[in-house]
Amino acid sequence: MAAESKIDPMHQFQISALGDGVLDGTPFAFTNSSLWMLIVLGSILLFMWGGMKRELIPGRWQAAVEMLTGFVTGLAVGNIGPEGKKYVPWIFTVFTFILFSNYMGMMPFGVFEAAHPFTVTSQFTITGVLAIASFSIVLVVGFWKHGFRFFGLFVPHGTPLPLLPLIVPIELISFLVRPFSLALRLFVAMIAGHILVDVFGYFIVNGINSGTALGYFVSFISFVFIAGVNALELLVCGIQAYVFALLTSLYINDAEHLH
Amino acid sequence: MPQINQLMLVYQSQWFWLLLVLGVIYFAIGKGMVPKIEATVEGRQAKVTADLVAAERAKAAAEEAEATANAAEADARTAAQEATAKAKAKGVKDGEARLAKADAEIGEKLAAAEANLAKARTKALASMEALAAEAAGDIVAKVSGASVSAGEAASAVKTVLANA
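Just so you know, the sequences run in chain order A and B. The C-terminal residue of the first sequence carries number 259 in our numbering, and the numbering is unbroken. The C-terminal residue of the second sequence carries number 423 in our numbering, and the numbering is unbroken.
Honestly, the hints are just simulated from the structure, not real lab data. The reader is advised that the hints may include incorrect statements.
Here are a few chain B residues that face chain A, going by a calculated C-beta distance under 10 Å [unchecked claim]:
1) 263
2) 274
3) 279
4) 292
5) 294
With a Cα cut of at most 25 Å, we get these calculated SDA-like pairs of lysine to any residue [unchecked claim]:
6) A:86 <-> A:212
7) B:306 <-> A:73
8) A:145 <-> A:162
9) A:53 <-> B:305
Covered stretches of chain A (chain B as the covering partner; in silico rule of three or more C-beta atoms under 8 Å from a C-beta of chain B) [said to hold, decoys possible]:
10) 136 to 147
11) 206 to 214
12) 233 to 246
Just so it is clear, the structure is predicted and the values come from calculations on it, not from any experiment. For glycine and all other residues, C-beta sits at the position ideal for the given N, C-alpha and C.
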């Protein structure tokens with residue numbers, strides 16, 4: 001590790017095929033990304049399994065699981081209303097998948113080179129699908145419930161008539177931008193944090209390798225900085241999952257109630 | 260940026276595995292486990308509420324029972340006081356009655372004894388008169404030689420005794 005001095009913070013986002021090692025572009029290719037998605041799935045299943053004891057007086061694990069489900073249900077019901085119960089499975093899916101993916105990507109398994117974590121939410125192929133799925137739910141629910149009156153979403157109440165030609169396109173664009181903003185926000189937040197941590201990690205290693213007093217000083221400063229950035233990243237991991245779930249529920253609320 | 264460079268190579272497998280994982284989370288966890296966990300939470304909430312209501316009800320019942328017990332105690336005390344007073348009154352009355360009866364008996368006995376005494380005295384007096392008359396007769400005969408009939412002696416003695 002130390003021998004490699006070239007700074008390449010993008011390498012961590014490289015997808016490589018596991019097994020025979022050739023990416024062939026087929027749907028069933030098993031890559032490091034697939035592996036970490038399955039690890040995320042496994043850890044979610046394990047965590048939820050611990051909450052299935054269904055005891056009257058919950059243990060710590062069961063209380064933690066109930067806190068998570070209660071949080072998601074509260075998010076859905078609080079933003080959408082009683083109808084929000086229908087959307088709990090999807091909001092729960094995006095929230096837990098993003099949360100566990102983000103945190104899995106922050107795990108320090110990289111001390112063993114083979115077990116370097118892969119942050120699946122730093123791929124816009126992943127965040128894009130999540131955003132498009134949320135957006136599709138909004139469209140389907142909106143047109144299903146309201147038919148063409150769903151276009152009333154682009155005409156805010158009390159807009160003066162002369163302003164309509166201006167307001168409607170703005171509302172339409174801001175509506176259509178939603179899936180992109182959903183996908184890019186998460187993708188960019190993850191990729192930026194990981195690049196930052198990676199770059200300063202290289203600074204530490206290169207500083208020590210240089211063997212000079214200045215090099216050690218830079219390493220020390222970088223180490224202090226990176227500790228802070230890691231703490232911030234742990235916060236961002238939770239916040240990004242929350243923001244995605246919150247915006248999904250707010251958009252569904254628009255589709256359910258049309259403002 | 261590998262995300263862009265590799266896009267055409269990886270998007271199919273990314274989407275396949277993502278949809279697989281999301282499907283499992285959505286159906287097995289989101290639709291399978293989460294409602295059960297939520298039901299547990301709701302059941303617990305319902306049980307806590309029901310228990311609180313039951314406790315409230317039990318408290319009310321206990322308070323009622325206490326009030327009943329207090330009333331019963333007060334009643335019992337009143338009844339006991341009444342009974343005591345009655346018993347006391349009866350005791351006094353009985354005592355008085357017995358005393359009166361004993362008084363009367365004693366009075367009767369006293370009267371009988373007095374009567375007997377009087378009778379005895381009369382009898383004694385009568386026998387004394389007879390004795391005195393006889394003695395008077397004897398004394399007269401011895402002193403004067405005159406014989407006095409028993410009747411004359413008796414009336415003389417009676418006169419003397421009446422004057423005495």
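Legend entry - Structure-inconsistent hints, enumerated in ascending order: Hints 6, 8, 10, 11 and 12 are the ones this structure does not satisfy, whereas the remaining hints hold.
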